[in-house]
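*Asks:* Those sequence lines, one after another, are chains A and B.
Under the working numbering, the first residue of the first sequence is numbered 1, with each subsequent residue one higher.
Under the working numbering, the first residue of the second sequence is numbered 223, with each subsequent residue one higher.
There could be a bad hint or two in this list.
Stated by the list, open to error - Calculated lysine to aspartate or glutamate pairs in the EDC-like style (CA-CA distance at most 20 Å, straight line):
{"no.": "1", "chain 1": "A", "residue 1": "Lys55", "chain 2": "B", "residue 2": "Asp280"}
{"no.": "2", "chain 1": "A", "residue 1": "Lys55", "chain 2": "B", "residue 2": "Glu321"}
{"no.": "3", "chain 1": "B", "residue 1": "Lys306", "chain 2": "B", "residue 2": "Glu292"}
{"no.": "4", "chain 1": "A", "residue 1": "Lys54", "chain 2": "B", "residue 2": "Asp280"}
{"no.": "5", "chain 1": "B", "residue 1": "Lys299", "chain 2": "A", "residue 2": "Glu127"}
These aren't lab readings, by the way, just hints derived from the structure by calculation.
Bear in mind that the values here come from a model prediction, so they are computed numbers and not experimental data.
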Amino acid sequence: MIVAERKPMAEIVEMVQDCKKILVLACRGCVTVCSAGGEREAEILSSLIRLGMKKAGKSIEITTGSLVRQCDREYIDEIDQWDGQYDAVVSTACGVGVNFISNLRKDTMVYPALNTTFFGGSAEQGEWTEQCAGCGDCVLHLTGGLCPVARCAKSLMNGPCGGSVDGKCEIHRDVECIWQSIHDRLASFDRSAQMEVIAPIRDWSTAGHGGPRKVVRDDLTV
Amino acid sequence: MSFDPVITLFSCHYTSQQSCAAEGKELEQLGFPSSINLVRVPCTGKLQITTLLKAFEDGADGVYVVGCPEDGCHNVKGSIRAAKRVAAVRAALEELGVEGERVQMYHLPRGLHPEFVAKGKEMDARIRDLGPSPFSN
Numbered sequence: 001m002i003v004a005e006r007k008p009m010a011e012i013v014e015m016v017q018d019c020k021k022i023l024v025l026a027c028r029g030c031v032t033v034c035s036a037g038g039e040r041e042a043e044i045l046s047s048l049i050r051l052g053m054k055k056a057g058k059s060i061e062i063t064t065g066s067l068v069r070q071c072d073r074e075y076i077d078e079i080d081q082w083d084g085q086y087d088a089v090v091s092t093a094c095g096v097g098v099n100f101i102s103n104l105r106k107d108t109m110v111y112p113a114l115n116t117t118f119f120g121g122s123a124e125q126g127e128w129t130e131q132c133a134g135c136g137d138c139v140l141h142l143t144g145g146l147c148p149v150a151r152c153a154k155s156l157m158n159g160p161c162g163g164s165v166d167g168k169c170e171i172h173r174d175v176e177c178i179w180q181s182i183h184d185r186l187a188s189f190d191r192s193a194q195m196e197v198i199a200p201i202r203d204w205s206t207a208g209h210g211g212p213r214k215v216v217r218d219d220l221t222v
Numbered sequence: 223m224s225f226d227p228v229i230t231l232f233s234c235h236y237t238s239q240q241s242c243a244a245e246g247k248e249l250e251q252l253g254f255p256s257s258i259n260l261v262r263v264p265c266t267g268k269l270q271i272t273t274l275l276k277a278f279e280d281g282a283d284g285v286y287v288v289g290c291p292e293d294g295c296h297n298v299k300g301s302i303r304a305a306k307r308v309a310a311v312r313a314a315l316e317e318l319g320v321e322g323e324r325v326q327m328y329h330l331p332r333g334l335h336p337e338f339v340a341k342g343k344e345m346d347a348r349i350r351d352l353g354p355s356p357f358s359n
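For reference, chain A alone in the conformation it holds in the complex (with noise of 0.2 Å):
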């Protein structure tokens, strides 16, 4: 799922200074399972833009509300039930979400009230952890179903640096090696000759250093 977190409450409420009324527009797809930006988090998030903005003397007034998803045309069509309702949204989705509204609402002021900050999963209750960056050219079949792209920090693609120490990054003692795990991975399977193959020079184009990716399925167009 995409992970996020909100953001700092000062830089929110700096956001809607100027604002008479917003509508605080909640998510329920990822940012609802990483508890970043679903209805729960919409409520709590209202409560402290009202608290925010009484302590500067102003007032506001907030509606909240949520959408199935925000990165879908027609889920952002149902927008349209709250229209007069506000000055500006604050979208408690990811950056998609911020940018879809924008995209297709030329007239709404939309904020981010989120850190959109990697795709990633719940290693335990409360913890999310990147697993995968992204990036248009996956290698995990060569890697053992571990992403170096993404949990290695250098990024490198044939093998640990040389601050790898039993098994840790030289980054953080809590961050593994993923290039160790790798290994032991494919060890484990009696594929470690895999480590040998030394793998090309990675073309970046299609991780975004070839500018904004689209995909186009063809038999899904009308």
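Dock chain B against chain A, hints included.
*Replies:* This is chain B only, laid out in the frame that chain A set:
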């Protein structure tokens, strides 16, 4: 600065039994501060962050939660969950530039114990020291 604070206490049903003793008069007789509005809940683990924030929105100068000892919650982890949510509210208050001490969590023994009154007095004194809520503009 002298003022009459408004404090909201959310207390575990089991920990606030003083509030029922002597037809509800015992707390008053023991000197429990009149500034404190007691809300009894079945378990503090039921409290949501929004509940605590709403107390501030409704005009509380301070908010605190009294739950079971961490290792003695009737619902096993209720008071531990409450403490986590109190900590989250405290962090959010500090993000807004407001004293985090305005929200507190206490783990107290269940039943009739003097600590319940003592912590009420402590909270009352703390909020009097801090002054009116910055949200009361």
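*Asks:* For every hint, state whether the structure bears it out.
*Replies:* Verification of the supplied hints:
1. A:Lys55 x B:Asp280: holds, 13 Å
2. A:Lys55 x B:Glu321: Cα-Cα ~12 Å, so holds.
3. B:Lys306 x B:Glu292: With a Cα-Cα distance of about 12 Å, the restraint between B:Lys306 and B:Glu292 holds, given a limit of 20 Å.
4. A:Lys54 x B:Asp280: Holds: A:Lys54 and B:Asp280 sit about 12 Å apart, inside 20 Å.
5. B:Lys299 x A:Glu127: With a Cα-Cα distance of about 19 Å, the restraint between B:Lys299 and A:Glu127 holds, given a limit of 20 Å.
Every hint, counting from the list given before, is met by this structure.
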